[in-house]
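**Q** Work out the full structure: start from the sequences and follow the hints.
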Amino acid sequence: MSIPLINEVAKLKINSSSSSGGGGSQFFGDGIVSKDKAQYRLSNLSTSYPNNAGASSYQRTFNHGGGQFSSAAIPFYGSSATQTQFYVQPFTVNQTTGLITQGSGTTIWTNGSGNCQSTMNWGSGGPHAFNFGQHCAPGYSGNTGIATAYTVSGNSASGTYYTDGSSGWPANGNQDAAVCISGGTYYFAPGNNYNGTPRNLAFSWNGSSISRTRNNDLSYDTSTNYVSPIVRQFGNLAATQGTLHLHRQSGARQYFNVMGPTFNIQSTVTVSSLGIPISTSMPSNMIGLELSNGKQLFYSRQWGIVLRDGTSLSNVSGTADYIPNMEAKERHFTPVAADTWICMSESSPRELVKFSINPTTYRVTILGSVPISLLTKSESISNSAANEGGVFITGSNNQFVVVAAHNTNGPNVNIMVGQHGL
Amino acid sequence: MSLINEIAKLKAGAGSGGGASLGNYSTPNTVEPLVAQDVILAGSSAYTNSSYYVQSSAVYRRVFNHGGGQFSVANRHYLSGSSQAQSYVQPFTVNQTNGSISIGSGAAMFNGSSNIDTGTFAQAGNYVMTQHTSGSNGNGASACTVSGNSVSGVATYFSNSSYLQPMSNNDTASIRNGSTMYMYPQAYYTSTGTAHRMCLSYNGSSISMVEGPNAMGSNTSTQYSWPIVPQFGQTSPTTSAGIRSWTSNSPGALTYLDILNTSGGYSSQVNPQTLGVGQQDSPYEGFGLELSNGRQLLYCDQGTILLNNGGTLSNVSGTADYIPKSFNNFIGLMAPGGATDTWICVSQEPNRELVKFYVNPTTYKVTILGSVPLNKYIKGGIPVYEYGHISMTGSSNQFIVLGRVMEGSPGALVQVFNNPFTV
Amino acid sequence: MFDESILTINELAKIKASAGSGGGGAGSQFSANEVPFIAKASFVATSLDYVNYSVNNQSSESYTHSFNHGGGQFSFANGPTYSSSPSRSEFYVKPFTVNQTTGAITEGSGSAIWTNTSYNGGFSTGTWGQSPIRSHCFHHGHNYFPGYSANTYGSTGWVVSGNSVSGATYTINNSYGAVSNEESYAGSNGSTSYWIPNTYNGNAYKHAYSFTPGSLSNYSNTSLSSNTSTNYTTPIVPQFNSTTVSGGLHFYQNSSGAGRINVFDVSGNTQNTYNTYDFGVTYDANTQGMGIQLSNGRQLFYTNSGSIILNNGGGLSDVTNTADFIPGYTTASSFTKVAQIFTPVGVDKWFVYDRSVNELVKFSINPTTYKVTIIGSKLITSLTKNARKSYDGGYFGGAWVTGSNNQFIVVVAARPNTTPIFDVIVGQNSLVGA
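Protein chains in written order, with this note's numbering: chain A, 1 to 422; chain B, 1 to 423; chain C, 1 to 434.
No lab work stands behind these hints, which were simulated from the structure alone.
Beta carbons: idealized from backbone N, C-alpha and C, even for Gly.
Keep in mind that a hint or two might mislead.
Here are a few chain A residues that face chain B, going by a calculated C-beta distance under 8 angstroms [to be verified]:
{"no.": "1", "residue": "26"}
{"no.": "2", "residue": "37"}
{"no.": "3", "residue": "38"}
{"no.": "4", "residue": "41"}
{"no.": "5", "residue": "47"}
{"no.": "6", "residue": "48"}
{"no.": "7", "residue": "50"}
{"no.": "8", "residue": "53"}
{"no.": "9", "residue": "348"}
{"no.": "10", "residue": "349"}
{"no.": "11", "residue": "376"}
{"no.": "12", "residue": "379"}
{"no.": "13", "residue": "384"}
{"no.": "14", "residue": "409"}
{"no.": "15", "residue": "410"}
**A** This is how it looks when you write it as structure tokens:
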């Protein structure tokens with residue numbers, strides 16, 4: 001009896017077009033089992049007036065580890081009343097059952113003088129989350145550069161903000177900021193420019209106080225500049241080696257500032273010296289991953305794959321493999337083992353992909369994948385989670401996927417938890 | 001023990017050493033051949049055989065299932081260079097035993113002498129209504145009855161034209177109550193540029209305005225009315241026509257939802273923020289389905305699920321599951337699925353899949369019963385528009401009808417294939 | 001053991017019974033080992049000094065094109081220019097080969113097939129072509145041709161073989177404007193190719209060239225008496241091991257704006273003219289399409305209006321109701337970039353890259369019933385490991401099979417945002433043979 005069965009199983013394994021696998025559906029199968037879901041409103045403004053959350057990318061959800069999560073938004077009144085607030089809703093996901101528990105929603109700051117928020121960067125590391133952008137900061141009636149940091153613990157959040165009252169200080173793009181940890185202090189570096197000048201800008205947060213630790217103009221011939229988000233290595237609470245900051249100088253010459261974990265500039269390398277043509281356009285999407293040997297790999301659809309080793313860079317486009325997601329969204333990667341992550345794939349149909357990077361050859365091995373719509377049952381929601389919210393891994397054995405899809409008519413987040421088999 | 005482990009690994013995930021590659025095309029070509037196919041044109045011969053340039057768009061066409069194997073293609077177009085415009089319905093049947101297509105006798109619901117463009121369609125049972133512009137007659141509506149593979153009861157309505165300026169080509173909320181159909185247009189009043197409450201009714205021979213036009217304090221020309229996909233055994237919702245979404249000017253830009261009733265009006269107006277729903281400053285699209293207990297689930301707002309239980313709205317987003325259809329105002333790509341609280345739909349791009357699912361009428365949880373990439377049937381490159389059509393038909397629902405409205409032609413490519421799901 | 005067997009049988013039955021469940025997981029495009037990796041490379045496609053000066057390949061990766069010349073020969077073409085200074089721009093082609101036994105990639109000798117040494121510029125609107133003499137390539141566009149200080153219309157022809165570029169030549173005629181950025185008709189008869197790009201001169205024109213290496217000759221210019229400049233000729237997917245092309249279609253509007261189709265023979269002579277409404281196209285006379293050459297000399301054309309047209313000896317008929325659509329078909333204009341996505345591998349048999357789902361699909365067309373048989377497919381993201389890179393390999397690159405037994409898959413991905421580099425990734429194809 002066993003031998004025919006062994007044959008059947010073998011046939012299933014080798015025959016890619018056998019009927020047993022069906023026709024490639026992204027909705028049907030037992031690859032992900034639903035565990036729980038919830039919806040939270042991310043505002044405590046009065047419901048008698050429209051609560052506006054701005055563009056759909058202006059909300060985020062974060063994974064703080066150990067089952068602790070938080071969702072954040074910066075809602076304001078669309079009309080008829082005045083207040084802008086920074087609202088945080090913590091929640092936990094039980095590491096065994098996958099059940100969601102709502103925490104204490106809170107405002108980190110409120111401002112009764114203005115209704116606004118604008119282009120922003122978000123980031124997170126460990127129990128902390130960060131935001132930088134031009135919002136109606138407390139005391140100001142118009143767009144003002146403001147950095148916010150908060151810490152989540154015991155399903156509650158607390159934090160504060162920094163502003164120097166300057167306007168004309170926008171964040172660049174709606175990417176994830178770079179976040180590093182050094183000596184127990186967290187540092188975050190949003191992409192930004194000040195009145196058109198790119199800056200080496202960094203803030204520090206130790207859980208209670210926020211400081212602006214760097215604020216230096218960079219040479220430039222365009223205001224466009226990008227700080228690459230950096231994905232941590234398994235076992236670390238945040239990246240530890242720093243990241244790259246791309247900006248452009250005269251003659252459209254693109255430079256990488258190679259930065260350490262406090263975002264100090266350690267060296268400067270021209271992109272063209274790596275064998276990558278100088279181009280007037282800048283790659284807005286780039287992401288770095290930190291390897292177990294301390295090196296970092298940076299990926300971009302435009303200029304390829306760059307290796308960072310200490311303070312030097314090299315072009316490994318001809319040998320390294322691409323990874324399943326090269327968008328500037330650090331929040332989509334969860335490290336689950338040494339040099340191994342689970343991430344959300346780029347573009348539709350959205351999939352959860354487990355992969356590893358060989359830290360010396362930079363080759364990528366796909367270890368497993370599953371369409372996320374098996375859980376969400378809607379590609380709209382899968383795309384929303386990938387674009388605006390986040391997709392995370394949690395659980396005592398990393399067995400759960402947490403999908404956070406923020407409403408495009410916000411401020412609101414839909415949470416779904418499922419058990420995956422990756 | 002080792003066999004069980006092997007099977008567990010096979011089940012665990014793609015690429016884990018396990019089997020099927022499972023692309024859209026991976027099923028070998030023991031694929032299902034079509035049972036029947038036809039290009040069905042909906043227009044009089046002047047439009048299908050003309051030296052004039054015909055003006056129209058794929059979104060001005062629909063395919064409808066009237067039940068019992070009776071279908072139709074509905075269309076709006078006009079001739080540029082010759083003063084002719086029409087809304088037109090072309091009936092066809094699908095044989096309930098062998099699936100073959102028979103084209104019936106089509107007719108215009110409206111003939112104009114200028115242009116016709118933006119507007120919307122609705123269908124309830126054997127009634128078809130369309131609300132549209134007209135360069136010669138003003139904004140209005142036209143309707144007909146489809147039965148016996150032919151068209152009857154043609155009616156038009158061109159009163160209150162200035163209130164009926166269409167602002168969308170989406171599907172619209174409608175309901176059949178006895179011999180009367182009610183349709184809620186998505187239109188605005190040209191004098192003020194603001195949406196008004198209105199409902200048009202058709203009784204098989206004439207069209208009337210039974211609600212409004214009433215100013216509702218809208219601050220914009222936009223309003224959406226959300227259509228409801230019927231329950232198994234029905235060709236119309238029964239407990240509510242759907243929802244009207246609009247935005248007020250006082251307090252400014254606050255979006256409201258009207259709960260529509262079954263007789264051409266609405267029962268109440270709700271501020272969705274009080275339900276814990278996200279808020280933006282403009283109306284939003286959505287659609288619903290009717291459960292066997294008469295409750296309706298409404299999918300909208302890119303992630304919110306509302307429940308209409310006897311005229312009371314609540315937010316069930318924290319417990320109800322999503323379904324694979326896009327969250328917009330088009331319901332052609334969803335239909336009753338041959339059993340109670342069961343539907344089929346076509347999922348959104350890029351992977352157009354035919355999905356069958358069940359919704360629990362009290363927990364609102366969704367069970368996906370099966371899904372198949374449409375490539376299995378129509379071999380790829382599928383321009384299936386959101387305003388296309390999917391439904392079941394046949395003496396035992398043994399056929400699937402896919403209607404793909406055409407871009408360059410006044411009609412639809414209709415394909416019939418065997419129902420892949422056990423009904 | 002008895003219990004285990006029953007349990008196992010049940011589990012197997014469940015796996016087999018339900019579509020998409022079990023075996024390998026549902027619908028993933030990342031399946032490991034689906035397309036095993038063999039080799040990759042990145043090549044710079046310019047002779048300009050990109051280390052010291054900013055170089056663009058002109059504003060959009062849609063102004064690039066990739067080619068499979070057969071026998072393992074491939075190339076990438078673009079029009080790089082310095083962004084500001086110095087003043088120089090070029091039309092650059094970079095060949096490479098894929099070893100037909102090992103799959104190894106060998107860099108070829110890239111060439112600037114013409115250079116404007118006085119002005120920066122680059123490409124603007126233009127169409128590409130490749131005749132069934134697969135080493136012959138064409139471009140008709142709005143370029144900074146040598147000696148010109150502004151975008152000027154002209155056609156270029158060149159040959160790629162022996163891992164280098166030869167026989168390149170161009171003619172300039174600013175009266176004949178280019179329409180669109182995809183592909184146009186290129187046919188061949190014997191050793192001569194014919195190039196009929198989408199062109200206008202005031203209004204729609206048939207503007208035809210003949211080409212042999214080193215010689216590009218404009219032999220026909222005919223007004224189509226249209227009331228608009230928009231018009232399209234159809235690129236043709238060749239038949240396996242054949243340089244025969246029966247001809248093509250030319251879509252345009254007449255003087256009243258009604259849609260018309262000319263069917264022409266291999267060298268562009270109009271055989272018949274039809275109304276588009278005879279083929280289910282009554283609206284939007286801007287019809288586009290591509291054609292496939294069948295083994296019996298007939299051609300099938302798949303149009304962006306959802307109609308399928310048969311060309312049988314110069315006579316057209318509407319076969320939408322009986323023919324099948326082919327994999328990868330889309331109404332988007334990108335479907336006319338056929339040289340980047342089709343590989344003929346057997347009689348009436350091809351691979352095509354469907355970039356909406358990132359699959360390379362093997363299919364055949366019955367040359368008398370026009371029905372399509374899907375033979376199999378490969379998930380390209382299993383090789384590229386990134387779905388956007390798979391997409392880059394569709395519209396902005398290419399995906400084909402090659403090898404002595406078609407045992408390799410080759411994906412070329414242009415880089416977005418004007419960078420004149422491209423990636424090549426080679427993987428193992430299990431759908432071998434004809």
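**Q** Now look at each hint and say whether the structure bears it out.
**A** These are the hints, each one checked on the structure:
1. About 6 angstroms separates the beta-carbon of residue 26 of chain A from the nearest beta-carbon of chain B, less than 8 angstroms, and the hint is met.
2. Annotation: residue 37 of chain A was flagged as interfacial toward chain B, and the flag holds, the nearest CB pair being 6 angstroms apart, inside 8 angstroms.
3. Interface hint at residue 38 of chain A: satisfied, since its Cβ lies 5 angstroms from the closest Cβ of chain B, which is below the 8 angstroms cut-off.
4. At its closest, the beta carbon of residue 41 of chain A sits 5 angstroms from a beta carbon of chain B; the interface hint therefore holds under the 8 angstroms criterion.
5. Taking 8 angstroms as the C-beta contact cut-off toward chain B, the hint placing residue 47 of chain A at the interface holds, the least distance being around 4 angstroms.
6. The interface hint given for residue 48 of chain A holds, since its Cβ lies 7 angstroms from the closest Cβ of chain B, which is under the 8 angstroms cut-off.
7. Using the Cβ-Cβ criterion of 8 angstroms, the hint placing residue 50 of chain A at the interface with chain B is satisfied: the shortest such distance is roughly 5 angstroms.
8. For residue 53 of chain A, the suggested interface contact is upheld, since its CB lies about 7 angstroms from the closest CB of chain B, less than 8 angstroms.
9. Because the closest C-beta pair between residue 348 of chain A and chain B is about 6 angstroms apart, less than 8 angstroms, the hint holds.
10. Because the closest C-beta pair between residue 349 of chain A and chain B is about 5 angstroms apart, less than 8 angstroms, the hint holds.
11. Because the smallest distance between the Cβ of residue 376 of chain A and any Cβ of chain B comes to about 6 angstroms, under 8 angstroms, the interface hint for this residue holds.
12. The interface hint given for residue 379 of chain A holds, since its Cβ lies 5 angstroms from the closest Cβ of chain B, which is under the 8 angstroms cut-off.
13. With a least beta-carbon distance of about 6 angstroms to chain B, the hint placing residue 384 of chain A at the interface is held under the 8 angstroms criterion.
14. Interface hint at residue 409 of chain A: satisfied, since its Cβ lies 4 angstroms from the closest Cβ of chain B, which is below the 8 angstroms cut-off.
15. Taking 8 angstroms as the C-beta cut-off, the interface hint given for residue 410 of chain A holds, the closest approach to chain B being about 5 angstroms.
Every hint from the earlier list agrees with this structure, and none is contradicted.
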